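Please dock the two separately framed chains into a single complex, following the hints provided.
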Amino acid sequence: MKGINIVVCVKIVPKPEEVKLNLETNTLDRANASSIINPPDKNAIETAIQLKQIYGGQITVISMGPPFFDGFMKLIISMGVDKAILLSDRAFAGADTYPTTKTLSQAIKKLGNVDLVICGEESADGGTGNVPPGIAEWLNYSQATYCHEIDYDASEQRFIVKRSISDGFEIISIPKPAVVSVELNINTPRFPDFSLKKELDNNKHKIPIWSATDLDLEPNEIGLSGSFTTVDSLIQAKGLERKQIQIIGNIDDIVDQLVDLIINK
Amino acid sequence: MNSKEIWVFIEISDTGVEPVSWELLGKARELANKVNFLVTSIIISNKESKIAEEAIARGSDKVLYIIHNECSHYSFELFTKIITDLNEKFKPEILLMPATHNSRDLAGRLAIRLHTGLTADVVQLDINNQGILLGAVPGFGGSILAIIKCEQSIPQMATVRPGIFQSILPDQNRKGTIEYIFPQIKENLKETILIKKITLNKEDISKSPRLVIAGRGISSNLNEIRLLAELINGGVGVTRPISDMGLFGREHQIGSTGISVKSKLAIIFGASGATHFSSGIKNVETVISINLDHKALINEVSDYFIIADASEILPRIIDKLKLKMELIK
Ligand SMILES: Cc1cc2nc3c(=O)[nH]c(=O)nc-3n(C[C@H](O)[C@H](O)[C@H](O)COP(=O)(O)OP(=O)(O)OC[C@H]3O[C@@H](n4cnc5c(N)ncnc54)[C@H](O)[C@@H]3O)c2cc1C
Ligand SMILES: Nc1ncnc2c1ncn2[C@@H]1O[C@H](COP(=O)(O)O)[C@@H](O)[C@H]1O
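These protein sequence lines map, in sequence, to chains A and B.
Here numbering that gives the first Met the number 0 is used: position 1 in the first sequence is 0, and no number is missing along the way.
Here numbering that gives the first Met the number 0 is used: position 257 in the second sequence is 256, and no number is missing along the way.
Same shape as in the complex, but just chain B (with noise of 0.2 Å):
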């Protein structure tokens, strides 16, 4: 039988698979159930590896592993390349890839590549029953969502931001085949070279039941962010100058071009609330913020706002819950 196929690009890093790219997969299934296609992962590796098998486990009918030896690390010309090849062959309907900076720099070219529509950083996804995907996508820093879909070519090309799905529990009886390709492909076709890479260990915030964020109004106070995000048993998040300016590492970075996070609270100091920022603090529970200004955006998308200095409220704070903390115990 010839039935109709969804791809994910499932993304590989030094530390692993991209967790996005089970999501993805997670998504791709209950999609393609609704309109009986087939999802199908694409992987790409130097190696052989039991990637092939979880993705099978986690929701794949079929695995694509594509091996080539000089695929330990992305480079753009080759996995364009290898995916152009790939698609020629087997004609997918749709085709998802995560939303990381290495599969938008792939994705991005592929599509002009392969002469089709690519919905981008996509929050939502849904299929209707002639088989096209919708995607809503951000627009003006998360404020309005669009609703894109792409009719006229295939594959129909979508990258999903991170922690928006859910990935499936593997299931180790799930079957599924794994068929492995030895792509031929001309030498000197790479050009790109590597020079080094900088592998960072990172926090993950994104699952915090409490945060701290600093924004630049608190720049210079972040030591006592710390302290009370330490008080409450939390994790620190921050807006995107701060990690600009090198002073958290990116994974800290709450917004359109960081995470978002489901925190039961959020207290923020200092931080405008521009959109870009506070697209990623739409699912808080109970946003508290702080800042000197009373016009700030921040006050709109709080729950109980202050207006007030920051570096004065913030050395109270920690005085009054140390306090307090001592009482209770």
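If we strip away everything but chain A, and leave its shape as in the complex, we get (with noise of 0.2 Å):
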């Protein structure tokens, strides 16, 4: 095939800002939380879309998670990548990064001959970036985190990234097969063709679902199961009490009395 295979990894997660710990329960609320793209996975769909508008080639989502994921499936497909799969099974639920990278793993088997994974740096919900090197390994790809420049020399068949570290920047080049993640705000993801989106959904448009036993994934690999960490208990994070004073009045009064806390503090 000509040009770059690329699967990009999305997760849908719910806002974090929306998602409250029921103190009495002591679980997550997450049934009044609206879910939304997780925000580097955009940047990493804009950039799988401007690698293959200079190199050509083909773009295929991959998302593990409930079927009603399937709105954003179509959502992202409007953005201009030719095809979404949604990974969906009541047996994946309750993952860890381990089940997570080899259910992603397996799916992008499957697909086959793939040249590069983008990923997100990492998931606004509580993920740490480890699934991008975890797939990798699982796949014996080579790997980059944290890019937020990613080319591609086909003459050597490698990428060139760069990439943020604690002291500063790095140029790498990899070979390809490769999985990055690009970290969030580094482009401008596009709109998506609400057109397209609208016909997606008229037409009956099927997102393909791919189960465990499509992946060939034995129930102790997955989820739950086939995890090794456990969540022994949830706690609200603790910070200072805020007194939340509105301070009010004419400009004049608010900057005086502003002034005076800044000198006395």
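Derived from the structure by calculation, the hints contain no laboratory data.
This one's a predicted model, so the numbers in the text were calculated from it and none came from an experiment.
Incorrect hints may have been included.
[Stated by the list, open to error] Simulated coverage check for chain B against chain A, where a stretch passes if three residues somewhere in it have a Cβ under 8 Å from a Cβ of chain A:
(1) 100-106
(2) 128-140
(3) 146-158
(4) 214-222
(5) 261-271
Just so you know, even glycine gets a beta-carbon here, dropped at the ideal spot from N, CA and C.
Here it is as structure tokens:
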């Protein structure tokens, strides 16, 4: 095939600001939270589209999550990717990084002939960026995390990336196939084509759903039973108590009070 | 005696040992004393150095010092391979690593290769009588903490955020052993090529007693933000969009993917108060914020909040402060 065969891993997450801890039951109340595309994953999609515009190829989005995410998959197709597949199975629930990366990498294997997997730097709901290197390990691909520039050297079949590290930046070259993760805000994700979205909705366009069986995964490899870590308990993150006093008045009063506060602290 | 071990990965960059490594070592010492484990530091480099002695002075019982000519710089291939081989030989109970970009890059891959659990981005650590590590991990941008454990596999891995734990001051009289290891690694294992490295001098605002913090709502008045910070002898903090736009370096960024601050005072202009940001100011003594929006989340995490146009308030604060300071002089 000509061009780059790209897979983008996209997670749908609850809006962090809308998830509350129910202190009585010690469980998360996500029901009232709206879902969004994990913000850096939008940058991952945009990166894929830009690479495809230059080098040609194909973009497939995969996402592990419940079936109702298919609306998001259509939205993502409307942004300009070729295909979106949902990895969905009740048995996937409760997965930590180990089974999550196993499941995603199985899907990438099934797609076959992949040159580049693009992920976001981390998931907004408590991820930590371990999924991208985990996928790379399962697939024995090379890896580069926290990238903000990605280019392809077709003659060498390598990706050249600029990534941020604690004391600055580095530019490295890694062979394909590779997994990269991109930083939030590295580009401006394009808007979906809403007329296409409408068409997909009306057409009853079906988003393919791959289950554990489709991916040849045993029950003990996935979800909670495939996980090594367990959640012992949940607690509200404590901070200092805030007074929440509103300073009001005309602008001169406000400035006076502010300056007094600043000088006295 | 065959004692159980807590391993600490000492991360080295061009500017030296990443300070979080010593913080981890301090915590590891405390945990090890509780359950009578040994603390071992893992150092990977291309040459011998005094870092081995420092690791002992700062709390290790043992240092495994790996020397390989291609390890002057981090690469996932070599570092994963080296730690995997060490793990095979010594079977540590626990492996702690910094939650920096490079060590996360490594930890994510290593955990899969070692078939074990990884508790990532820990902000609190404890150990129970059975030697099970309990790590508190922030979720949803830092508003909720989950206590996570890994009971069925070793090593129990965790990455730990910088700036959380205290390092131990070096004690040159502490005793420990240093073992040098020169691994044989097949050629061509490392395919990553380092083309260029740009090292930046970084300002440390984490210890600044006063901070002026700019969000996107004040992004066109950053010179005034700097000026106000100078006036009150403070540092400048920013929200992520401001550092993403390149207007300030990453070391100024506050929040879950930036730094956490503990200043006495923070004055925040034009920031919405998203949880990924607010988790970074939890421990500031007094928070003052200015935002146009009376429904902005930042109001709820402030001691004093003002609903106003920050670009109007900011220059007036500066003028007034200057005036007052003249008077005090
Ligand atoms: C994985 C992940 C990690 C993240 N990590 C971080 C992090 O470490 N740090 C961080 O900061 N963010 C982080 N974010 C982003 C975070 O979710 C928010 O998007 C970000 O904090 C918003 O920045 P802001 O408040 O400056 O901008 P905005 O959300 O755009 O808010 C601007 C605010 O300014 C106000 N405003 C506008 N004009 C004026 C004016 N003239 N006067 C007064 N007020 C005005 C508006 O009312 C608004 O509330 C992360 C996001 C993700 C997904
Ligand atoms: N369930 C998922 N489905 C698809 N991609 C995922 C999933 N979880 C994580 N990822 C990808 O991995 C990146 C890092 O996530 P994490 O390691 O969970 O912080 C995300 O930005 C996504 O690109």
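Do the hints match the structure? See the list:
Residues of the stretch 100-106 of chain B with a Cβ under 8 Å from some Cβ of chain A number 6, which satisfies the need for three, so the listed coverage holds. Requiring three or more residues with a Cβ within less than 8 Å of a Cβ of chain A, the coverage given for the stretch 128-140 of chain B holds, as 7 such residues are present. Chain A is given as covering the stretch 146-158 of chain B, and this holds because 8 residues of the stretch bring a CB closer than 8 Å to a CB of that chain, at least three being needed. For the stretch 214-222 of chain B, the assignment as covered by chain A is violated, since 0 residues bring a beta-carbon within under 8 Å of that chain's beta-carbons and 3 are needed.
Under the rule that three or more residues need a Cβ within less than 8 Å of chain A, the assignment of the stretch 261-271 of chain B holds, with 3 such residues.
Hint compliance for this structure: hint 4 alone is broken.
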